[in-house]
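Taking the working numbering, the leading residue of the sequence shown gets 3, the next gets one more, and so forth.
Because the hints were derived from the structure by calculation, they are not lab data. C-beta: ideal position from N, C-alpha, C; glycine also. Any given hint might turn out to be false.
Claimed, not checked - Ranges between beta-carbon positions, derived for each pair:
1) Asp136 - Asn114: 16 to 26 Å
2) Ile23 - Gly149: 18 to 28 Å
3) His16 - Trp88: 15 to 25 Å
4) Asp4 - Ser137: 16 to 26 Å
5) Trp88 - Leu145: 32 to 42 Å
6) Asp11 - Ser75: 27 to 37 Å
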Amino acid sequence: MDALASQIDFVLGHFGIRSFIGFGVGAGANILARYALENPQKVDALVLINCTSTQAGWTEWLYQKINTRQLRSSGMTQGALDYLMWHHFGRSNDDRNHDLAHVYKDCFSQVNPANLSMFIDSYLRRSDLAISRDSNSIKVPVLNVTGGLS
3 MDALASQIDF VLGHFGIRSF IGFGVGAGAN ILARYALENP QKVDALVLIN CTSTQAGWTE
63 WLYQKINTRQ LRSSGMTQGA LDYLMWHHFG RSNDDRNHDL AHVYKDCFSQ VNPANLSMFI
123 DSYLRRSDLA ISRDSNSIKV PVLNVTGGLS
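Whenever a hint applies, use it, and build me the whole structure from the sequences.
Structure representation (structure tokens):
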């Protein structure tokens with residue numbers, strides 16, 4: 003995740019951007035938070051949705067390891083697809099957002115499984131951001147959005 007966060011400097015340089023407001027979801031939120039911790043002068047504010055700031059726990063590690071192994075050996079299996087849908091929509095994704103769920107299923111079925119496997123492995127090995135509400139560790143304004151069904 004730290005290597006992905008460091009790539010933001012290349013994007014900013016390429017487009018001549020001096021500072022930005024970052025909007026990230028899930029792993030993207032984690033990457034933006036990492037970048038803001040190291041480069042607060044380049045980040046005006048962050049909007050983080052379902053940002054995980056801690057290391058992966060045992061349950062997450064086990065599920066993700068099963069999925070990465072399936073993705074590498076068999077491609078996008080139904081089990082991996084079901085897990086991705088649960089990850090994005092929660093338990094009962096067919097009951098709500100039916101059209102959006104269908105769009106996501108189509109997108110996931112076209113993803114390169116080897117690349118997705120490597121990305122999941124990278125996210126699984128993430129380090130703890132060592133941030134807390136009481137400390138002043140992130141020096142930029144942050145809107146942190148979480149939800150019970152997300």
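Hints, one by one, checked against the model:
{"no.": "1", "hint": "Asp136 - Asn114: 16 to 26 Å", "verdict": "violated (42 Å)"}
{"no.": "2", "hint": "Ile23 - Gly149: 18 to 28 Å", "verdict": "holds (21 Å)"}
{"no.": "3", "hint": "His16 - Trp88: 15 to 25 Å", "verdict": "violated (36 Å)"}
{"no.": "4", "hint": "Asp4 - Ser137: 16 to 26 Å", "verdict": "holds (20 Å)"}
{"no.": "5", "hint": "Trp88 - Leu145: 32 to 42 Å", "verdict": "violated (25 Å)"}
{"no.": "6", "hint": "Asp11 - Ser75: 27 to 37 Å", "verdict": "holds (35 Å)"}
Figure legend: structure checked against the earlier numbered hints; hints not met, in rising order: 1, 3 and 5.
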